[in-house]
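Undergrad: Fit chain H to the known structure of chain F by using the hints.
Chains as they are written, first to last, in our numbering: chain F, 1 to 361; chain H, 362 to 640.
Think of the hints as simulated: they come from the structure by calculation, not from any bench. Treat the hints with care, as some may be off.
Facing chain H, from chain F, some residues (calculated, C-beta under 8 Å) [stated by the list, open to error]:
(1) A204
(2) R207
(3) P210
(4) V211
(5) R226
(6) Y352
(7) Y356
(8) N358
Calculated pairs, DSS-like style, for lysine-lysine (alpha carbon to alpha carbon, straight line, at most 27 Å) [to be verified]:
(9) F:K101 <-> F:K340
(10) F:K144 <-> F:K73
(11) F:K73 <-> F:K318
(12) H:K587 <-> F:K340
(13) F:K197 <-> F:K336
(14) H:K587 <-> F:K73
(15) H:K587 <-> F:K144
(16) H:K587 <-> F:K197
(17) F:K275 <-> F:K101
For each label pair, taking beta carbons as the anchor points, the in silico distance ranges come out as [what the hints assert, rightly or not]:
(18) H:L419 <-> F:E60: 57 to 63 Å
(19) F:D138 <-> H:G495: 29 to 35 Å
(20) H:L627 <-> F:A357: 47 to 53 Å
(21) F:E252 <-> H:L419: 56 to 62 Å
(22) H:S403 <-> F:P292: 51 to 57 Å
(23) F:A353 <-> H:K635: 42 to 48 Å
(24) F:G103 <-> H:S403: 17 to 23 Å
(25) H:A427 <-> F:D45: 56 to 62 Å
(26) F:R250 <-> H:F439: 48 to 54 Å
(27) F:L246 <-> H:A427: 35 to 41 Å
(28) F:E60 <-> H:R410: 55 to 61 Å
(29) H:A460 <-> F:F77: 54 to 60 Å
(30) F:Q335 <-> H:L419: 48 to 54 Å
(31) H:I442 <-> F:A353: 37 to 43 Å
None of these values were measured; they are calculated from a predicted model. Think of the CB as a built atom: it goes at the ideal place given N, C-alpha and C, for glycine as much as any other residue.
These are the residues of each chain, in order.
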Amino acid sequence: MGGLKILLTLTLLLCSGCGQFFSDRAPAVEIMNVSYDPTREFYRDYNAWFTENYCEGSGESVRVLQSHGSSGKQARFVIDGLEAHVVTLALAYDIDAISSKTGKLPPDWQTRLPHGSAPYTSTIVFLVRSGNPKNIQDWGDLIKVGVEVITPNPLTSGGARWNYLAAWGYALLQALDEDQLSRLSEDDPLLQEAEEKAFAFLSALFRNVPVLDSGARGATTTFARRGIGDVLITWENEALLALKSLPQERLEIVTPSVSILTEPTVSLVDEVIDKRHTRDVAQAYLEGLYSPEGQALAARHYFRPREMQHASPEDRDKFPELHLFTLEEFFGDWQKAHEKHFSPAGCFNRLYAMRYANQEK
Amino acid sequence: MKKTGSQNHFLPGFGLSLGFTLVYLSLLVLVPLSLLSFRALSLDGTLYRDIFQDPRTLAAFKLTFASSFIAAGLNLIFGFIVAWTLVRFPFPGCSFIDALIDLPFALPTAVSGIALTSLYVRSGMVGRYLDIFGIQVAFAPLGVVVALSFISLPFVIRSLQPALKDIEREYEEAAISLGASPISVFFAVIFPAIRPALLTGFSLAFARALGEYGSVVFISGNMPMKTEIISLLIAGRMEQFDYDGATALAAVTLLASFMILLSIHLIQWHYSRKIQPRS
Chain F
1 MGGLKILLTL TLLLCSGCGQ FFSDRAPAVE IMNVSYDPTR EFYRDYNAWF
51 TENYCEGSGE SVRVLQSHGS SGKQARFVID GLEAHVVTLA LAYDIDAISS
101 KTGKLPPDWQ TRLPHGSAPY TSTIVFLVRS GNPKNIQDWG DLIKVGVEVI
151 TPNPLTSGGA RWNYLAAWGY ALLQALDEDQ LSRLSEDDPL LQEAEEKAFA
201 FLSALFRNVP VLDSGARGAT TTFARRGIGD VLITWENEAL LALKSLPQER
251 LEIVTPSVSI LTEPTVSLVD EVIDKRHTRD VAQAYLEGLY SPEGQALAAR
301 HYFRPREMQH ASPEDRDKFP ELHLFTLEEF FGDWQKAHEK HFSPAGCFNR
351 LYAMRYANQE K
Chain H
362 MKKTGSQNHF LPGFGLSLGF TLVYLSLLVL VPLSLLSFRA LSLDGTLYRD
412 IFQDPRTLAA FKLTFASSFI AAGLNLIFGF IVAWTLVRFP FPGCSFIDAL
462 IDLPFALPTA VSGIALTSLY VRSGMVGRYL DIFGIQVAFA PLGVVVALSF
512 ISLPFVIRSL QPALKDIERE YEEAAISLGA SPISVFFAVI FPAIRPALLT
562 GFSLAFARAL GEYGSVVFIS GNMPMKTEII SLLIAGRMEQ FDYDGATALA
612 AVTLLASFMI LLSIHLIQWH YSRKIQPRS
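With the rest of the complex left out, here is chain F (with noise of 0.2 Å):
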């Protein structure tokens, strides 16, 4: 008998949880931004600002439901049929392909917002150990005889795309300036002699890699926690972040002289919210990215804003002053990038396939 009144008064109890639960909020609207990994704080304190800001606005209540994982797999999520309103994912690839093999956005999406449809940027840069032991400065330092880089897998890892086209790009401006590089054609021998010094220098940069781990994260955890290698190239937002979630590891960040600009991307997805008649309130949502506040979020969340003044003085401190190229100035654009050094004839496979040709000999 006791048995029985104790269910039931769980079953009261449940019912009563439930009806609260059901009648406390009736959101208007909902949306669901899918996103990549390192922007889950951002996007937390992003919507709970735009939700309040929404609602004061046009009185209509919304709510906006998040979506983490690497951005690859979120963009093939989204290619299978996940119901994203927005994405906002780490490359313009991952975008256009969702584009390319779905039509559910159009092809030139990029040129719906500002600044490319990239709200805030970053860049690459080092981690390295308290008191920089290995004096590390520059690109042109990991190469050195004894110096461990990590780095994740390029096949796997979207941030190791960027970390290899950085150094890269780096490797291009040794030989050549920057202006030259805008000007001479793909056949210009001055160029294709640059190109082989950078093949050169990646090699060698490559040579010092101990492990090539699945993803960013990944790559991160074996240098702060396992205490492997000397430096750790990733993005100033995972290092910033890394910074400040595992003081007890005693990093440092050192900026390059030069770098890349890493322009994580946003876009309405337009089958979805035609469908759902939401394209109001998402496109509210990506253009709020835009506004003082949310640049100002994205600064206080490690993201570099594309309008610097926005940002409170002390997070403007934490973006040193760097030379940046973009993608688009040295590979032209993804999918180029994308053919001539991670495809199975690409640079990337060429050089491991060389040293272990030379090796074997």
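TA: For chain H alone, kept in the frame of chain F given last:
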């Protein structure tokens, strides 16, 4: 009147259970696999040529099959010893050990991968002692073997235990009383009795190891040409939206594993045919 198999059967419900089996297998195994095969067959042939010309992929194939084979082989030897101990020498706490064996089944493979890596890196609890002798486990091919041995361990033991329990002690006693040495008792009496179980355990362990992804990617270090496994290459192709490349690679792997498993079963069939006329 023609008699069909189902009417011959003395247990009722044959039609129902066969129907259920077919539906269940189709939904879970046959449909996904045939979709893969259809896609694989409709692909451009050059994709397959590329697979066999790419040194990085070939190196991954070599590592995956070799380390799975070694891991299954190690488990064959040590799994036999464990199963033998548990069946023949019941000791206090032996049922606790017996329960431990299933842990590799239950643990998420990423967890075991991370745990093994922490143990075996240069600074880890076990790795630091191995480092003295210059043995590197984590981020080396040996790490792949360790991870695969861990996840495939239960298969050999669990297939062997019932076979070992079934052996009648009288046969061994008779052999000994007829003057057989312990070694010849093992090879002439025990080994033939457990050979089918050994082969089953080996092929299960081997098949499980071939498809493993979660634990290996943490401990192997994923170095191209050195410690990349096939599942990582497939995952990588998917990550880059190269669905065709991933399908081709998966199809080749599937075909290779099927051939190997088939030949193991043929060996077993061959032996069981040899034994039966005598008995």
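Undergrad: Next, verify each hint and record whether it holds.
TA: Taking the hints in turn, this is what the structure says about them:
1. A204: violated, 16 Å
2. R207: Interface hint status for F:R207: violated (11 Å vs cutoff 8 Å).
3. P210: Holds, about 6 Å.
4. V211: With a minimum Cβ separation of about 4 Å from chain H (threshold 8 Å), the hint on F:V211 holds.
5. R226: holds, 5 Å
6. Y352: holds, 4 Å
7. Y356: Check passed: Cβ of F:Y356 comes within 5 Å of chain H, closer than 8 Å.
8. N358: Result: violated, 12 Å to nearest chain H Cβ.
9. F:K101 <-> F:K340: holds, 22 Å
10. F:K144 <-> F:K73: violated, 35 Å
11. F:K73 <-> F:K318: Given that 27 Å is the threshold and the Cα spacing comes to 30 Å, the pair is violated.
12. H:K587 <-> F:K340: holds, 23 Å
13. F:K197 <-> F:K336: holds, 20 Å
14. H:K587 <-> F:K73: holds, 25 Å
15. H:K587 <-> F:K144: Holds, at about 23 Å.
16. H:K587 <-> F:K197: Holds, because 25 Å separates the two Cα atoms, which is no more than 27 Å.
17. F:K275 <-> F:K101: Cα-Cα ~19 Å, so holds.
18. H:L419 <-> F:E60: 57 to 63 Å: holds, 59 Å
19. F:D138 <-> H:G495: 29 to 35 Å: Since the Cβ atoms of F:D138 and H:G495 sit about 34 Å apart, the hinted range of 29 to 35 Å holds.
20. H:L627 <-> F:A357: 47 to 53 Å: violated, 38 Å
21. F:E252 <-> H:L419: 56 to 62 Å: violated, 41 Å
22. H:S403 <-> F:P292: 51 to 57 Å: Holds, since H:S403 and F:P292 (Cβ atoms, about 53 Å apart) stay within the stated range.
23. F:A353 <-> H:K635: 42 to 48 Å: Holds, at about 47 Å.
24. F:G103 <-> H:S403: 17 to 23 Å: holds, 22 Å
25. H:A427 <-> F:D45: 56 to 62 Å: violated, 49 Å
26. F:R250 <-> H:F439: 48 to 54 Å: Violated, since F:R250 and H:F439 (Cβ atoms, about 42 Å apart) do not stay within the stated range.
27. F:L246 <-> H:A427: 35 to 41 Å: holds, 37 Å
28. F:E60 <-> H:R410: 55 to 61 Å: holds, 57 Å
29. H:A460 <-> F:F77: 54 to 60 Å: violated, 38 Å
30. F:Q335 <-> H:L419: 48 to 54 Å: violated, 27 Å
31. H:I442 <-> F:A353: 37 to 43 Å: holds, 42 Å
Comparing the model with each earlier hint shows violations of hints 1, 2, 8, 10, 11, 20, 21, 25, 26, 29 and 30; every other hint is respected.
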